[in-house]
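Spelled out, the chains give:
Protein chains: 2
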Amino acid sequence: MSEAEVAALSVEDSQPSLDPDAKNPNAKKAAKEAAKAAKEAAKAERTQQRGVKAAVMTQPDADDPLREQYGDYPLVQSQGQSGRVWTRVDALNSELNGQKVLIRGRIHTTRGKGKSAFLVLRQRTATVQALLFADEQVVSKGMVKYATQVTKESIVDVEGIIKVPEKPVEGCSQKDVELHVTLIRVVSRAAILPFELVDAGRSEEEVKAAAERGEVLSTVGQDLRLDNRFLDLRTPANQAIFRLQSAVGQIFKSTLLGEGFQEIHTPKLIAGASEGGAAVFRLDYMGTPACLAQSPQLYKQMAICADFDRVFEIGPVFRAEFSYTHRHLCEFMGLDLEMAINEHYFEVLDVVEKLFGAIFDGLATTYAKELAVVGQQYPFEVPTFKPLRLTFPEGIAMLQQGGFPDVDPMGDLNTELERALGRMVKEKYGTDFFILHRYPSVVRPFYTMPCSDDANYSNSYDVFIRGEEIISGAQRVHDADLLVERANACGIPLDTIQSYIDSFKYGAPPHGGAGVGLERVVMLYCGLNNIRKTSMFPRDPKRLTP
Amino acid sequence: MSEAEVAALSVEDSQPSLDPDAKNPNAKKAAKEAAKAAKEAAKAERTQQRGVKAAVMTQPDADDPLREQYGDYPLVQSQGQSGRVWTRVDALNSELNGQKVLIRGRIHTTRGKGKSAFLVLRQRTATVQALLFADEQVVSKGMVKYATQVTKESIVDVEGIIKVPEKPVEGCSQKDVELHVTLIRVVSRAAILPFELVDAGRSEEEVKAAAERGEVLSTVGQDLRLDNRFLDLRTPANQAIFRLQSAVGQIFKSTLLGEGFQEIHTPKLIAGASEGGAAVFRLDYMGTPACLAQSPQLYKQMAICADFDRVFEIGPVFRAEFSYTHRHLCEFMGLDLEMAINEHYFEVLDVVEKLFGAIFDGLATTYAKELAVVGQQYPFEVPTFKPLRLTFPEGIAMLQQGGFPDVDPMGDLNTELERALGRMVKEKYGTDFFILHRYPSVVRPFYTMPCSDDANYSNSYDVFIRGEEIISGAQRVHDADLLVERANACGIPLDTIQSYIDSFKYGAPPHGGAGVGLERVVMLYCGLNNIRKTSMFPRDPKRLTP
Numbered sequence: 001m002s003e004a005e006v007a008a009l010s011v012e013d014s015q016p017s018l019d020p021d022a023k024n025p026n027a028k029k030a031a032k033e034a035a036k037a038a039k040e041a042a043k044a045e046r047t048q049q050r051g052v053k054a055a056v057m058t059q060p061d062a063d064d065p066l067r068e069q070y071g072d073y074p075l076v077q078s079q080g081q082s083g084r085v086w087t088r089v090d091a092l093n094s095e096l097n098g099q100k101v102l103i104r105g106r107i108h109t110t111r112g113k114g115k116s117a118f119l120v121l122r123q124r125t126a127t128v129q130a131l132l133f134a135d136e137q138v139v140s141k142g143m144v145k146y147a148t149q150v151t152k153e154s155i156v157d158v159e160g161i162i163k164v165p166e167k168p169v170e171g172c173s174q175k176d177v178e179l180h181v182t183l184i185r186v187v188s189r190a191a192i193l194p195f196e197l198v199d200a201g202r203s204e205e206e207v208k209a210a211a212e213r214g215e216v217l218s219t220v221g222q223d224l225r226l227d228n229r230f231l232d233l234r235t236p237a238n239q240a241i242f243r244l245q246s247a248v249g250q251i252f253k254s255t256l257l258g259e260g261f262q263e264i265h266t267p268k269l270i271a272g273a274s275e276g277g278a279a280v281f282r283l284d285y286m287g288t289p290a291c292l293a294q295s296p297q298l299y300k301q302m303a304i305c306a307d308f309d310r311v312f313e314i315g316p317v318f319r320a321e322f323s324y325t326h327r328h329l330c331e332f333m334g335l336d337l338e339m340a341i342n343e344h345y346f347e348v349l350d351v352v353e354k355l356f357g358a359i360f361d362g363l364a365t366t367y368a369k370e371l372a373v374v375g376q377q378y379p380f381e382v383p384t385f386k387p388l389r390l391t392f393p394e395g396i397a398m399l400q401q402g403g404f405p406d407v408d409p410m411g412d413l414n415t416e417l418e419r420a421l422g423r424m425v426k427e428k429y430g431t432d433f434f435i436l437h438r439y440p441s442v443v444r445p446f447y448t449m450p451c452s453d454d455a456n457y458s459n460s461y462d463v464f465i466r467g468e469e470i471i472s473g474a475q476r477v478h479d480a481d482l483l484v485e486r487a488n489a490c491g492i493p494l495d496t497i498q499s500y501i502d503s504f505k506y507g508a509p510p511h512g513g514a515g516v517g518l519e520r521v522v523m524l525y526c527g528l529n530n531i532r533k534t535s536m537f538p539r540d541p542k543r544l545t546p
Numbered sequence: 001m002s003e004a005e006v007a008a009l010s011v012e013d014s015q016p017s018l019d020p021d022a023k024n025p026n027a028k029k030a031a032k033e034a035a036k037a038a039k040e041a042a043k044a045e046r047t048q049q050r051g052v053k054a055a056v057m058t059q060p061d062a063d064d065p066l067r068e069q070y071g072d073y074p075l076v077q078s079q080g081q082s083g084r085v086w087t088r089v090d091a092l093n094s095e096l097n098g099q100k101v102l103i104r105g106r107i108h109t110t111r112g113k114g115k116s117a118f119l120v121l122r123q124r125t126a127t128v129q130a131l132l133f134a135d136e137q138v139v140s141k142g143m144v145k146y147a148t149q150v151t152k153e154s155i156v157d158v159e160g161i162i163k164v165p166e167k168p169v170e171g172c173s174q175k176d177v178e179l180h181v182t183l184i185r186v187v188s189r190a191a192i193l194p195f196e197l198v199d200a201g202r203s204e205e206e207v208k209a210a211a212e213r214g215e216v217l218s219t220v221g222q223d224l225r226l227d228n229r230f231l232d233l234r235t236p237a238n239q240a241i242f243r244l245q246s247a248v249g250q251i252f253k254s255t256l257l258g259e260g261f262q263e264i265h266t267p268k269l270i271a272g273a274s275e276g277g278a279a280v281f282r283l284d285y286m287g288t289p290a291c292l293a294q295s296p297q298l299y300k301q302m303a304i305c306a307d308f309d310r311v312f313e314i315g316p317v318f319r320a321e322f323s324y325t326h327r328h329l330c331e332f333m334g335l336d337l338e339m340a341i342n343e344h345y346f347e348v349l350d351v352v353e354k355l356f357g358a359i360f361d362g363l364a365t366t367y368a369k370e371l372a373v374v375g376q377q378y379p380f381e382v383p384t385f386k387p388l389r390l391t392f393p394e395g396i397a398m399l400q401q402g403g404f405p406d407v408d409p410m411g412d413l414n415t416e417l418e419r420a421l422g423r424m425v426k427e428k429y430g431t432d433f434f435i436l437h438r439y440p441s442v443v444r445p446f447y448t449m450p451c452s453d454d455a456n457y458s459n460s461y462d463v464f465i466r467g468e469e470i471i472s473g474a475q476r477v478h479d480a481d482l483l484v485e486r487a488n489a490c491g492i493p494l495d496t497i498q499s500y501i502d503s504f505k506y507g508a509p510p511h512g513g514a515g516v517g518l519e520r521v522v523m524l525y526c527g528l529n530n531i532r533k534t535s536m537f538p539r540d541p542k543r544l545t546p
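Quick mapping for you: the protein sequence lines, in order, are chains F and P.
Its first residue numbered 1, the first sequence is counted upward by one per residue in the UniProt record's numbering.
Its first residue numbered 1, the second sequence is counted upward by one per residue in the UniProt record's numbering.
Hints are computed from structural coordinates only; laboratory data are not their basis.
A couple of the hints might just be wrong.
What the hints assert, rightly or not - Some, not all, of what chain P presents toward chain F, calculated at C-beta under 8 Å:
| id | residue |
| --- | --- |
| 1 | Val76 |
| 2 | Ser173 |
| 3 | Lys175 |
| 4 | Gly249 |
| 5 | Tyr285 |
| 6 | Cys305 |
| 7 | Phe346 |
| 8 | Leu349 |
| 9 | His478 |
What the hints assert, rightly or not - According to the in silico footprint, chain F covers these stretches of chain P (three or more CB under 8 Å from chain F):
| id | region |
| --- | --- |
| 10 | 96-105 |
| 11 | 186-193 |
| 12 | 445-452 |
Glycine included, each C-beta is placed from N, C-alpha and C at the ideal position.
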């Protein structure tokens, strides 16, 4: 607590006193004024110190001639617009040599050494070194002290001159420049952190290499990260992962818009279970039993029956499954598409291949920097893309010949078999992406269109990246009578799907579609080991916060 | 039931007979074969007749030499790819005069007259007239009969020659061409409709004009429409409305991406109520009490604390409110944005104005056709856009001088006052769009930043189109201590928002944002009278289906 605050409190807490001066009106007035001044000073200092727990320097000494060059800002409260221009850290380069720039960034690290201070300023994935040296002309000793006491992760405004150092600055993204600080002011101070950002951003390789040298480097466990996700998300790898996630969404949209699709939004609150079987979240809707949509399946098909022709939806999908695996979430982003076809589900596969060609190409070219940043913490090879369609029986044959002679030719593939097939396909065809189509009917939902030549197989497909499924899709049954037949055969009670069946009775276009999990695409593209790394605030059976 | 079906059933139902021929092996074999043939014929006919309730002609007579030119297709089941090319109805124009085209569309209307048939084919918002005249060279009598018996809303493939008629075809969107049919085949037959599409697409003006002539024209009520939404959505106005909805979403995204924003996805399943006060949907999450997010407010702010700098989210928003008004839904699409600011919430308003400038401009130019189609059923004037910012006290002064002398200068505006202010602003400044900022603190949420010069006012804003609110937003409190102070002042229990408060303790950028309701934007832009018109499958206190 500051002296001013102590003074203010002592006034507020004081009882009527027996001080002989108390009856002296002048003394009383002077005391009142002093108390008022102390209170105001305390209030001002409290304002400056918001969020600061330790007793650190937040304001210059009044007698420092350079006192205008440092000290905490008052709370930014839209007091006015100064017209100043802030430069982005990733825009700092040697072409700016000698120029003065203003930067708003976080204190990534600080180090004081005698009369000098070395700071690393961070802005998203970019870092730059900033220096102060007390010469009492531009920088005072007080300013150096102030700078070294700013807590890590605090947000600061720093003004300084860009200079090109003799040697590149190792450990910063902006290696060919450093900033010679002329002004430093805190915008928002950070309290003691639950973990260090440097530890959270460390690769396993770095830890292993240090261990071999006999050093122990800290890392941060998944739960501690997720409990403090707003902090964990600041690591360069996470900054890049969620830029990639945003990018995949944009490429999905722009590619489909280019193919004549239109975006729709369908309700997540629905009256019945959206698909038979899997667990749903149930709730009370104004007195009516309701549940959360497990997929937009039925609604996107209704949109096709309503003549929207080609639609996509990007929205949350809810699964009340107790699956605690590396690739399941209870809430994830579904990228769904559905389209009328003229004749064949290959029309859908043409779109799917175009879509993933665009995603693979877009990420590898436009987002090469983000991929590199992710790779610094989680090394991976950029996956290869070649359009490839294999039938399910072809896939079974490859597995049978490739070391799995007992694989069930009419059963679904488990994770092990999928991965094995992915490896074989990679080896034989040189692609991390492929489509497996014509699945056995028994392993697909009731609304899947059977093959015309053999009803034991269906007009369905899964799409794989690195041998893990990212898309499931099919031509759908668009004929109400056949749908009833299939529902009966699969034991689905008709009364639960009546309005769905009805929507095919008034002229229904042949159609097909697919559903993609956004988090899975990013996870598998980057070869990450856990889907929680690609969900901003993941939801699994054990986690509902933050 | 067809003869073939009756034959098949009688075979299936027959008991071992005492027929003297029964012991004759030849007769038995012949009977078996006959039964098999009957079953197959019945099966084939069932396939052809799927969904057809009335006894209509679905296949040509075997002796019609032109029998290849008509008749129902077998169920489209990805039998193969023919390489045929379908032309879109809206692409038909007089430049194609004399050319043969293939079209897949719906039967909008049919009319038989002697040896000829007149069809209107519809594809989304486009319609074209198609003609058949039985000359027994290209078209047979059977073909005309078949064509006139296809039920409305059935999907057909029609091949024909484009011709330019002497007079424009009134009542069709493609007025300068007609199609002389050479082939017509049903893809999917429609059952008897719950209402006529023509009635559902009729404007009130048309009904009134007919009434003045003494005619009664049918219309379709809102509930019947919504109960059969997949049908109702086929009207040209609805086709256009949801193209506009998709467009608003795309312009929102592309504008913000251009301003350096990134798309995020935050959870809809959350542990506590996302905002104090309003009603939430509650559910059980794997044994933990949970609720549905009423807004992404807290999460998008956490994304800012996590250095994402500028973010937007397009996602469902859930409000368990018993508001049965023209502008409330229990589930709607929120277009949310949140951004770090350097100094002032005007930085957010600059983005909001740029955004709505782009939306107004984009719709008026690129989507003029869709606006015209909506206007045919629901006439409206395209709204005007000029950037305009008024302070709340300025708005109050306008109301006081404009006929509302008793308006509370520190209270919120009700719908009547908002609309009145909208009219006054339109008259004085000539814009249907404006921003009202600096609302009294008491009418805003606890996390709203108070003004620096007067804490009775706040750094907040609403945005209006045609005098109705479409956006609410503010600079947020980014200081944990002040947030606690404000929560206490507003009576919010701190334990329910602790993790939210904590996220501001580790260096928080000053920031602000806004939330837009997608359905409201489209409704108010088009001057529609009910938000259910701009939600594909609306959810209100009385409606959870379809």
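Quick rundown of the hints versus the structure:
At its closest, the beta carbon of Val76(P) sits 4 Å from a beta carbon of chain F; the interface hint therefore holds under the 8 Å criterion. The closest approach between the C-beta of Ser173(P) and any C-beta of chain F is roughly 14 Å, which is over the 8 Å cut-off, so the hint fails. For the restraint placing Lys175(P) at the interface with chain F, the shortest Cβ-Cβ distance is roughly 21 Å, beyond the 8 Å limit, so the hint is violated. Checking Gly249(P) against chain F by beta carbon gives a least distance of about 5 Å; that is within 8 Å, so the hint holds.
Hint on Tyr285(P) holds. Least Cβ distance to chain F is approximately 5 Å, under the 8 Å limit. Proximity of Cys305(P) to chain F holds as hinted, the smallest CB-CB distance being about 5 Å (cut-off 8 Å). Checking Phe346(P) against chain F by beta carbon gives a least distance of about 6 Å; that is within 8 Å, so the hint holds. Among the interface hints, the one on Leu349(P) is violated; its C-beta lies about 11 Å from the nearest C-beta in chain F, farther than the 8 Å criterion.
Given the 8 Å rule on beta carbons, the hint for His478(P) holds: about 7 Å separates it from the nearest Cβ of chain F. Given as covered by chain F, the region 96-105 of chain P fails the check, having 1 residues with a CB less than 8 Å from a CB of that chain where 3 are the minimum. Remark: the region 186-193 of chain P is confirmed as covered by chain F, as 6 of its residues place a Cβ nearer than 8 Å to a Cβ of that chain, reaching the required three. Counting residues of the region 445-452 of chain P whose CB lies closer than 8 Å to any CB of chain F gives 4, which reaches the minimum of 3, so the coverage claim holds.
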